[in-house]
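Novice: Residues per chain are reported as follows:
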Amino acid sequence: MSEFLDMSGYGAYVWSAYAIAIGGLVLNVWMARRQQRRAVQEARRRLAMQEQS
Amino acid sequence: MNVMRNSAAAAATAILQRDLLLAYRRPGEWLQPLAFFAIVTVLFPLALDPEAARLRQLAPAALWVSLLLASLLALDFLYREDARDGTLEQYVLSGQPFTALLLAKTATHWLLTGLPLALFGPLAAISLGAPPQAAPGIFVALLLGSVTLSLLGSIGAGLTLGVRRGGALLSLLVLPLAMPVLVFGARATALAIAGDDASGALYLLAAMGVLSLTLAPLAAAAAVRISLE
Amino acid sequence: MNVMRNSAAAAATAILQRDLLLAYRRPGEWLQPLAFFAIVTVLFPLALDPEAARLRQLAPAALWVSLLLASLLALDFLYREDARDGTLEQYVLSGQPFTALLLAKTATHWLLTGLPLALFGPLAAISLGAPPQAAPGIFVALLLGSVTLSLLGSIGAGLTLGVRRGGALLSLLVLPLAMPVLVFGARATALAIAGDDASGALYLLAAMGVLSLTLAPLAAAAAVRISLE
Amino acid sequence: MNWVWFHRFGSPPYFYRFAGRWAPWFLGIAVLLLLVGLYGGLVAAPVDYFQSDAYRIIYVHVPSAYLSLMTYTWMAIAAAVGLIWRIKIAHAVAASCAPAGATFTAVSLITGMIWGQPTWGTYWAWDPRIVSQLFVLFFFLGYIGLRGAIEDRDRADRASAVLAIVGVVNVPIVHFSVDWWNSLHQAPTLLRSDGPSMPMSMAWPLLVMIAAYTFYFLAIMLMRARAEVMRRERGGAWLREVLAREAT
Amino acid sequence: MLEVSNLHLWRGDRHLLRGVNFTLFSGQVLQLLWPNGTGKTTLLRAIAGFLHAEEGELRWQGRRIDADRDAFHWDVAYLGHETALKGDLTAFENLRYACAMRSPVTAERLRVTLVDVGLAHSDPAQPVRSFSAGQQRRVALARLSLWNAKLWLLDEPAANLDSAGQQLLASLLLAHVRRGGMAILATHHAIALPDADCRQWQLPQEVV
Amino acid sequence: MLEVSNLHLWRGDRHLLRGVNFTLFSGQVLQLLWPNGTGKTTLLRAIAGFLHAEEGELRWQGRRIDADRDAFHWDVAYLGHETALKGDLTAFENLRYACAMRSPVTAERLRVTLVDVGLAHSDPAQPVRSFSAGQQRRVALARLSLWNAKLWLLDEPAANLDSAGQQLLASLLLAHVRRGGMAILATHHAIALPDADCRQWQLPQEVV
Ligand code: HEM
Ligand SMILES: Nc1ncnc2c1ncn2[C@@H]1O[C@H](COP(=O)(O)OP(=O)(O)OP(=O)(O)O)[C@@H](O)[C@H]1O
Ligand SMILES: Nc1ncnc2c1ncn2[C@@H]1O[C@H](COP(=O)(O)OP(=O)(O)OP(=O)(O)O)[C@@H](O)[C@H]1O
Ligand SMILES: [Mg+2]
Ligand SMILES: [Mg+2]
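Residue numbers (our numbering), protein chains in the order written: chain Y, 1 to 53; chain E, 1 to 229; chain X, 1 to 229; chain L, 1 to 248; chain C, 1 to 208; chain U, 1 to 208.
Calculated from the structure, these hints are not laboratory results.
Worth double-checking, as some hints may not be accurate.
[Claimed, not checked] Quick look at which bits of chain E chain X covers, simulated, 3 or more residues with Cβ under 8 Å:
1) 55-61
2) 67-78
3) 103-110
4) 168-174
[Stated by the list, open to error] Label-pair restraints from in silico Cβ distances:
5) P46(L) / Q133(X): 39 to 45 Å
6) P46(L) / R34(Y): 40 to 46 Å
7) E229(E) / F22(U): 37 to 43 Å
A virtual CB, placed ideally from N, CA and C, is assigned to each residue, including glycine.
One chain only, chain Y, in its complex shape:
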């Protein structure tokens, strides 16, 4: 296992690259969901405003 983590001495490079890649993937999912939530909120506000006027 530690040999696997070591990656013949390149562990730091390989794992940081993978971490950044996976991090990027997760970040995008999170941002997309947040955007959806915001769009819903915004749409609610807009409808409320229209009903008001």
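With chain Y held as given, fit chains E, X, L, C and U with the ligands onto it using these hints.
Specialist: Same frame as chain Y, now just chains E, X, L, C and U with the ligands:
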């Protein structure tokens, strides 16, 4: 009400003339890029130890970077004033092809920025240690490169028109497009300074100029039209 | 109608706050200097063959040229918008000391231009091959130099406001005033990169900063006042 | 030619429902493929003779690099469709490509930098491929910035569409930069006319990873486009209906 | 003939105009007297083609205006809150370049027109920037009358004009209408146009 | 009390105003109804201190205004052709910063004033840039009424205002006068101010 209609060429010429007249009345605006260019080329030798050989190697980079920055500096004004005082709307309503009218404005920009810089550039290069024989090559390279930069810039200026103080955005948008011009322009200049044959790079610059001359005005016109909405 | 009157400091703070809020609403504005830094540092290596040693020698000139350009670009906007929409007249009529109010505007300009540049400058220098130990020296040099450039710029901006024909040309006279700042700034940076003691040049920069801090606001206020006539 | 599907996609309610239905599936497929690809890349693939284990970075670097260019292309196509036919959905799709594209580009840059240290001995070099990829990042940021800077949504859509179309010239520049300028960077090993020059045992995890990234991109794009479509809707019965359902 | 049918216009998230309908024939004037912020400027700009209307239709001489915009624009003159004058040019130069964009006009005619709008006595070399607000408006009116457009779209044309200037505006409008032109004005003080076919529209909800 | 005596003003080479004389007392309003280009804006700007008068004298509360400009300016509010609003800020923010330059005002008072000038229904986050011309004028009027200045100098204050807006302006002026304020307006449509001490000045040559 059947009146003669002026041709698109006449309308574009009128805009060109008017803008040149305005520039003549307000010299500060177009002198600024020139002054900036001059300062940069003076600054380089000052900021470095003046060793002729090294300076000469830096000359292409210094020239092209300051050319790009100087035209960016002037681009911000390209359509802005016309947009503010409502003239741009009148262009649209003139019933003349919008692309032609905007091309006239880009031509003014080039006449006031690109051309003087191309004329002044060889001088600056020589002051940076380039041999006088390199002057024609440098001149042609700057001439061709500045045409492309003005045209590319006109797209960016059109896109950032609706944006208050779009300067940063403008440079962010134009820069990636301008990269090939810069690379080949600097290469042509370096070759000219070294006394080698620069015609390959110059042909490439000319090709980029022609390409942007055919496509950029369309994109610029579309961008400006959108900004008027 | 006896109402409490806000102090000059409160009024100046309000202007500062408002301008920062405006900048926040228009992020293009404060991103501009950073964009220029990025551009210049990216462009220089592109225009040259990438040889680290030569790049490092270029770093001082590249940094200071882009600092100057960023200040110039922002300079143009310093009072122009306020002049156009009549806010400048309201400053005069507020009964508050005009110099203090204009100084607040110059401070905003510096906060949005000089400070970010001073913060990012060392990073740019390192990407051009400067050693990380040079960072503090570069930072201080940029910080001091940018204060002076902002203050000098405020005079130029005041002068360009004038509608009269000479006004714009006068601003070109301010540009050369910036030369000493650039020269000593670049020297300080070069020394810092070489690992030498840069304190002499830094003291000079500081002295120029103090001098312009005492004189420039007065000159700028006078210039702006004249433009309102 | 049957244009019905075209118009159906042009209708916000249909698109909203379609995207809502398919995005989770695409995301699921992407995760599965990703797990397979990661296993293949990190465990199954043999050690490279020259680069030892450092080469395994390829399994994240190359998919993100490809996808960054692919995203850009799709964005430009969607923008062109939106600009020419004034289809709002197309603009929504274009807008949804940019953030994902920017992340792909940033990841490819960073992983490339990390990979550069063991192979070229430096994190950063002023190399045409690297710089042109950096400009792609600038372009994505510029696109997002332009969108943010224009308040009116319709105008922002159309202005950024022009930008996306103009900027598409970057894609060939990045792709061919290795051939046009002599570069430090790897010449094509996978995408070349005479087939991949890589042993199959190393190539299959890469292909799986590229597939995973593609599905992932589709999922993100649909999720975002859904929100963008809702933002563009000014009222109307279906929006009310959708909002009522979202509450639960 | 200008036909506006079922035009809906939005500003941001506000549904400002909900179905505007009217037809304007040759020789007619329509005055919009709506209150502040109800969409006069928006409507004029939409007709001029600066705003895209998602719903509704605009027809000029029976054809949709987006079918041939350049032909429509050649028939239209728009005068907005901004005068579209260059402050660094003289009144004469402003007119000359503005006309060069459309149709050829002799220098003599330009000079006569400047006299007609009451700018005879000013220094011919004076840049427009130093004109008073009303004088600038008059230059813009001179340009309008030189353009020979069939449809005038005027947004608060009487702003800054003194009473003589308002009479001048009225007489320009009358002459325009007599030649078969048509005009839509947004204004807060109705302009009296005796003997002209002139409708006043008080509120956007009204039907004209 | 404002005393203007024998004021001569030049623009470029033109001797525009040849000896203006008048005195304005607390509670008085002076309406300048001069024709276009005769120097209304010039006069107002000279009184505000933007223009230097080579001949003549301006006195405020008995003292020459150049003796203590800052004190005089504290008493003056000027509203010109430009509204001095920042397009990127909301109406509320515009008022807040404009007041911070003079005297402290509570947020509540700002909100009430905005309602008073008829801007209650707009979206509070809407930037002033997207306001209609008349709405922008109303924000400027709100600011004027918050400043507590004794002397109002208004250059065409009724521009862009609909009839409700013009009534609003009149009522603001009346309230100002009742508090002992004074005002000089340049306008082309005289504003009716019943029960106020209001003079109308038709031509610059006239003596008021
Ligand atoms: C910051 C540094 C780097 C950047 C910005 C970068 C960028 C890119 C891009 C944009 C592509 C896709 C090109 C295309 O689709 O045509 C790519 C592909 C690739 N990169 Fe990099 N790269 C970097 C460093 C590296 C390093 C250090 C290596 C390994 C020595 C490497 C190996 C590869 C390989 C093998 C491919 C696939 C080529 C193909 O099959 O077409 N890259 N890179
Ligand atoms: N982005 C936006 N969001 C919300 N409302 C907006 C937006 N842009 C404009 N508006 C509103 O749309 C209306 C624009 O009206 P318009 O300028 O056409 O009015 P107008 O009739 O010309 O008024 P005026 O008489 O004041 O000139 C205003 O009420 C304005 O507040
Ligand atoms: N530099 C100059 N040279 C000559 N005349 C000038 C110059 N600057 C201004 N003027 C003239 O001075 C006058 C300025 O008048 P001002 O702006 O005060 O008029 P106004 O009464 O406010 O008119 P309006 O009703 O049009 O606003 C104008 O007639 C203008 O042409
Ligand atoms: Mg309006
Ligand atoms: Mg006036």
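Novice: Would you say the C-beta atoms of E229(E) and F22(U) sit inside 37 to 43 Å of each other?
Specialist: Check failed, 49 Å falls outside 37 to 43 Å.
Novice: Are at least 3 residues of the stretch 67-78 of chain E within less than 8 Å of chain X when you compare beta carbons?
Specialist: holds (count 4)
Novice: Residue count check for the stretch 55-61 of chain E against chain X: does it reach three with CB-CB under 8 Å?
Specialist: holds (count 4)
Novice: For the stretch 103-110 of chain E, does the count of residues with a C-beta closer than 8 Å to a C-beta of chain X reach 3?
Specialist: violated (count 0)
Novice: Given as covered by chain X, does the stretch 168-174 of chain E meet the bar of three residues or more with CB within less than 8 Å?
Specialist: The restraint on the stretch 168-174 of chain E holds, since 4 of its residues have a Cβ under 8 Å from chain X and three suffice.
Novice: Range first: 39 to 45 Å. Now tell me if the beta carbons of P46(L) and Q133(X) are that far apart.
Specialist: Cβ of P46(L) to Cβ of Q133(X): about 43 Å, so the range 39 to 45 Å holds.
Novice: Given a hinted range of 40 to 46 Å, is it respected by the beta-carbon distance of P46(L) and R34(Y)?
Specialist: The hint (40 to 46 Å, Cβ to Cβ) holds, given that P46(L) and R34(Y) are roughly 41 Å apart.
Consistency with the previously given hints fails for numbers 3 and 7, ordered from lowest to highest.
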